[in-house]
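Peer 1: Under my numbering, the first residue of the sequence shown carries the number 1, and numbering increases by one thereafter.
Fair warning: there could be bad hints in the mix.
Restricting the straight-line Cα-Cα distance to at most 20 Å, the calculated cross-link-like pairs of lysine to aspartate or glutamate (EDC-like) are [to be verified]: (1) LYS10 with ASP33; (2) LYS30 with ASP4; (3) LYS10 with GLU22; (4) LYS30 with GLU13; (5) LYS10 with ASP26; (6) LYS30 with GLU18.
If you are wondering where the hints come from, they were derived from the structure by calculation, not from laboratory data. In this text the structure is predicted, and so the values were computed from the model without any measurement.
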Amino acid sequence: MSLDPTDIAKLCELARLEIAAEETADVSAKLSDIVAMVGRLKAVDTSGVTPMAHPLDRPQRLRDDVVTESDRHGLYQKNAPAVERDLYLVPKVIE
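Between the sequences and the hints, there should be enough to build the whole structure, so can you do that?
Peer 2: Here is the structure:
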């Protein structure tokens, strides 16, 4: 499938991109190659292939769920201009 300049202009509008007029031919050729590659991928028979999340058949290594930092919120709240019940108080900005 070949993309014409009208298609490129529409894609640029949708993506909020601006390209120069002299770049349109190059962008069109590159995007047409990408669309052709996707077409070739769609043509491959994958009916007997099981979907997988990772190409290697290994379990995910998980770290131990342990606390690695101390609770320092009291120290951080000392710098705040206003705190009430462990919450930062801020000025109202919406009437």
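Peer 1: Would you mind marking each hint as holding or not holding in the structure?
Peer 2: Status of the hints after comparison with the structure:
1. LYS10 with ASP33: Roughly 18 Å between the alpha carbons, so the hint for LYS10 and ASP33 holds.
2. LYS30 with ASP4: Given that 20 Å is the threshold and the Cα spacing comes to 12 Å, the pair holds.
3. LYS10 with GLU22: Answer holds: LYS10 to GLU22 is near 16 Å, not above 20 Å.
4. LYS30 with GLU13: 18 Å, holds
5. LYS10 with ASP26: 16 Å, holds
6. LYS30 with GLU18: With Cα atoms ~16 Å apart, LYS30 and GLU18 stay inside 20 Å; holds.
No hint from the list above goes unmet by this structure.
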